[in-house]
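2 protein chains.
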Amino acid sequence: MISERLKKLGEKRSTIRELFEYGKLLKAQYGAENVYDFSIGNPSIPCPEEVTEVLTKLITEGDPVQLHSYTSSAGDPAVRGAIAAYLNEKYGIGAEADDIYMSCGAAASLTISLAAVTSPGDEVIIFTPYFPEYKVFTEQTGSKCVFVPLLPPAFQPDFAALSEAIGEKTSALIINSPHNPTGSILSAESLEKLGSLLREKEAAYGRPIYLISDEPYRELNYTDTPTPFVFPYYADTIVCYSYSKSLSLPGERIGYILVNPASKDRKALYAAIQGAGRSLGFVCAPSLLQKAVGQLQGRLSDISVYDRNRKLIFDGLTKIGYEAAQPDGAFYLFLKVPGGDAIRFSELAKKYRLLVVPSDDFGAPGYVRISYCVETEMIRRALPAFEALYREILSNG
Amino acid sequence: MISERLKKLGEKRSTIRELFEYGKLLKAQYGAENVYDFSIGNPSIPCPEEVTEVLTKLITEGDPVQLHSYTSSAGDPAVRGAIAAYLNEKYGIGAEADDIYMSCGAAASLTISLAAVTSPGDEVIIFTPYFPEYKVFTEQTGSKCVFVPLLPPAFQPDFAALSEAIGEKTSALIINSPHNPTGSILSAESLEKLGSLLREKEAAYGRPIYLISDEPYRELNYTDTPTPFVFPYYADTIVCYSYSKSLSLPGERIGYILVNPASKDRKALYAAIQGAGRSLGFVCAPSLLQKAVGQLQGRLSDISVYDRNRKLIFDGLTKIGYEAAQPDGAFYLFLKVPGGDAIRFSELAKKYRLLVVPSDDFGAPGYVRISYCVETEMIRRALPAFEALYREILSNG
Chain A
1 MISERLKKLG EKRSTIRELF EYGKLLKAQY GAENVYDFSI GNPSIPCPEE VTEVLTKLIT
61 EGDPVQLHSY TSSAGDPAVR GAIAAYLNEK YGIGAEADDI YMSCGAAASL TISLAAVTSP
121 GDEVIIFTPY FPEYKVFTEQ TGSKCVFVPL LPPAFQPDFA ALSEAIGEKT SALIINSPHN
181 PTGSILSAES LEKLGSLLRE KEAAYGRPIY LISDEPYREL NYTDTPTPFV FPYYADTIVC
241 YSYSKSLSLP GERIGYILVN PASKDRKALY AAIQGAGRSL GFVCAPSLLQ KAVGQLQGRL
301 SDISVYDRNR KLIFDGLTKI GYEAAQPDGA FYLFLKVPGG DAIRFSELAK KYRLLVVPSD
361 DFGAPGYVRI SYCVETEMIR RALPAFEALY REILSNG
Chain B
398 MISERLKKLG EKRSTIRELF EYGKLLKAQY GAENVYDFSI GNPSIPCPEE VTEVLTKLIT
458 EGDPVQLHSY TSSAGDPAVR GAIAAYLNEK YGIGAEADDI YMSCGAAASL TISLAAVTSP
518 GDEVIIFTPY FPEYKVFTEQ TGSKCVFVPL LPPAFQPDFA ALSEAIGEKT SALIINSPHN
578 PTGSILSAES LEKLGSLLRE KEAAYGRPIY LISDEPYREL NYTDTPTPFV FPYYADTIVC
638 YSYSKSLSLP GERIGYILVN PASKDRKALY AAIQGAGRSL GFVCAPSLLQ KAVGQLQGRL
698 SDISVYDRNR KLIFDGLTKI GYEAAQPDGA FYLFLKVPGG DAIRFSELAK KYRLLVVPSD
758 DFGAPGYVRI SYCVETEMIR RALPAFEALY REILSNG
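Protein chains in written order, with this note's numbering: chain A, 1 to 397; chain B, 398 to 794.
Chain A extracted, bound-state conformation (with noise of 0.2 Å):
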């Protein structure tokens, strides 16, 4: 019989992708300059010139046997090993090649980490606001999603709520910093809680709670305090990374897993995390881009153009009225919606050819989400009717 949770979930388009659609109607309609969408979280820079020239040169020198082979399942060994070099030499955390696992991005690192430290009938621990496909996944695994607010304006966990939400069901708590849908990084402070509440709970409960960190973004940090490195806050802790973001990848599906070296069961949770990817139909991360990133270790799209639209969408919105909290990092801005409801606030928009996406979608009322990676000319052209929409909400009452 056809599934009919996977069926609702493919039928129904995220409101990101409602929006993205109704913004390529509107394009057609009054010209793409005329219509502002702040929607998708798709890089709007190129990857870097290196990019394309180590994928050039694979392609055209390398033998298409080997380049194009099978590797092995947790990736070609050399790549793994290039990627725990530069980690080392940058966090110092002392990995192995055989503590990273190729995979296809930050998504499938995600189902994979969560099948591989999940049985059904568990507690998954999400903050809000979430990235919304962070319930799919732990839901598909047959996990319960238990939600703990970040705290405005700076969006740091309510750690009174926290401890309370973990129970002797909790396999593991996803963290994503910086944070989509609203720019905050997690301070070294939050973390050292982090870290010393969760090796509590797991003396409590005499299990392992594994923190499973999302990093997609952790380069694009606009601060002067480089976004602190997970490990040493806490053991048992999974990083998924994902190329998607620092080298404007996203379709090309290529990132990995990381397993704390010092985490308590490092070689079995290593082994669950080959068996999940192996379950889920992932035989190995796409070979030509894996060879690629293996030589291309800290290199960083010209991130420049976020953090100019950053300062230039923050400095007008506020200007004209609007309360939301500076961004430091990925490419979000978290506005608050004035009067509240970001429903209203986002098909009020609409009339503007604005398209924002209101915060409900990721399980907090009130804001609603501006992507500013977009073209910064359309930042300029977009304020006025920003301004416009407020002069209306606030008319309206």
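Hints in this document: simulated from the structure, not taken from any laboratory. Backbone N, C-alpha and C fix where the C-beta goes; we use that ideal spot for every residue, glycine too. Incorrect hints may have been included.
[Stated by the list, open to error] Taking lysine to any residue pairs in the SDA-like style, the calculated list, with each CA pair at most 25 Å apart, reads:
hint: 1; chain 1: A; residue 1: Lys201; chain 2: A; residue 2: Gln156
hint: 2; chain 1: B; residue 1: Lys590; chain 2: B; residue 2: Glu520
hint: 3; chain 1: B; residue 1: Lys421; chain 2: A; residue 2: Ala78
hint: 4; chain 1: A; residue 1: Lys135; chain 2: A; residue 2: Glu164
hint: 5; chain 1: A; residue 1: Lys24; chain 2: A; residue 2: Thr376
hint: 6; chain 1: B; residue 1: Lys421; chain 2: A; residue 2: Ser72
hint: 7; chain 1: B; residue 1: Lys708; chain 2: A; residue 2: Val65
hint: 8; chain 1: B; residue 1: Lys664; chain 2: B; residue 2: Lys454
hint: 9; chain 1: B; residue 1: Lys454; chain 2: A; residue 2: Val65
hint: 10; chain 1: A; residue 1: Lys201; chain 2: A; residue 2: Glu168
hint: 11; chain 1: B; residue 1: Lys532; chain 2: B; residue 2: Ile740
hint: 12; chain 1: A; residue 1: Lys144; chain 2: B; residue 2: Glu536
hint: 13; chain 1: A; residue 1: Lys336; chain 2: A; residue 2: Asn396
hint: 14; chain 1: B; residue 1: Lys541; chain 2: A; residue 2: Glu139
hint: 15; chain 1: A; residue 1: Lys267; chain 2: B; residue 2: Lys421
hint: 16; chain 1: B; residue 1: Lys716; chain 2: B; residue 2: Arg741
hint: 17; chain 1: B; residue 1: Lys532; chain 2: A; residue 2: Ser69
hint: 18; chain 1: A; residue 1: Lys336; chain 2: A; residue 2: Ile393
hint: 19; chain 1: B; residue 1: Lys748; chain 2: B; residue 2: Thr449
hint: 20; chain 1: B; residue 1: Lys454; chain 2: A; residue 2: Glu50
hint: 21; chain 1: B; residue 1: Lys409; chain 2: A; residue 2: Ala268
hint: 22; chain 1: B; residue 1: Lys532; chain 2: B; residue 2: Pro605
hint: 23; chain 1: A; residue 1: Lys8; chain 2: B; residue 2: Gly603
hint: 24; chain 1: B; residue 1: Lys454; chain 2: B; residue 2: Ile437
hint: 25; chain 1: A; residue 1: Lys8; chain 2: B; residue 2: Ile606
hint: 26; chain 1: A; residue 1: Lys8; chain 2: B; residue 2: Glu536
hint: 27; chain 1: A; residue 1: Lys267; chain 2: B; residue 2: Glu418
hint: 28; chain 1: A; residue 1: Lys57; chain 2: A; residue 2: Ala78
hint: 29; chain 1: A; residue 1: Lys267; chain 2: B; residue 2: Arg414
hint: 30; chain 1: B; residue 1: Lys661; chain 2: A; residue 2: Glu4
hint: 31; chain 1: B; residue 1: Lys708; chain 2: B; residue 2: Glu536
[What the hints assert, rightly or not] A few chain A residues that don't get close to chain B, going by computed Cβ distances all over 10 Å:
hint: 32; residue: Leu26
hint: 33; residue: Lys27
hint: 34; residue: Asn88
hint: 35; residue: Thr128
hint: 36; residue: Pro149
hint: 37; residue: Thr223
hint: 38; residue: Glu323
hint: 39; residue: Lys350
hint: 40; residue: Glu387
Dock chain B against chain A, hints included.
Only chain B this time, still in chain A's reference frame:
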């Protein structure tokens, strides 16, 4: 908690992988030219030159943002349109772009399709001998495998056993033609019978039974009769295709799922496939490879090498005295083991530095699988070793 099942799955290398790794050790010890490794089904011929040309052109001339961007979750509509047009011309099936879901290869196509049409507790019918991952993929959905034999020497289904095996919990049946590990091809007559039987059982149990046709070897057919396309024989069919073998791109993970336009719940089935892909973390198939295969419909690696190998090994081994059915497709020979103990035969073969996979791993005793996707010269060098092995087996009884 770490999943015990997935940990075991990750720890336990398949026999095939064990043999392959053992082969590497032997090669280091005796020299690569003195080891005869027939263990792995990894294409030994390069992709067609056009693949390299198309990839180079896409990378050097395409807009990198467009090229590496997320496609829609079902895949680039233009690519899906090109595939539908090709299939319609070749097989007259009336497929639309929206019957095709681009996937990360055949394994992903299978896990997605199985998730879409099963619920935990259902039964999936698998013909023996079978590709061992079918069991892994089926069990991941919470369904149970029910095995039905293919009958030697032609390895066509045992229809009496099949009729017995189908019950009220049967939601799917997997076929694979040309077949791993036997090299057999399901005849039009067998497909005719299969279609009738499944229609009868659907009516009897009042529920759909999906035929999942795993077709990575579709074009690797060395007979004068093309591999019959399964849609005309049975409406509720899902084709899982991969370019791994036809274009020698196994590591790149690119293929598609094709829903039969004649299936009863075509749109619901397609939606469930989309939902399953999303839920398992596939996001989209690798974008560069999607765009490449869209331009490469109908291209095929030079499979004459496999055909030459096939004749050489079949003739050589039968001349020695071994028994095997002439393989018609794929790149496997299924050799009957003198004396019948395949595990002992495979162990003994190692003495002659011959690596062959015992059929016990494929759920059927008494044979070994010989992958002839190897250098032709290796086959010539291996034949005396096969002869010595044959003599030893016969002399020891």
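#### Entry: Violated hints, by number in ascending order, as checked against the structure
8, 19, 24, 31
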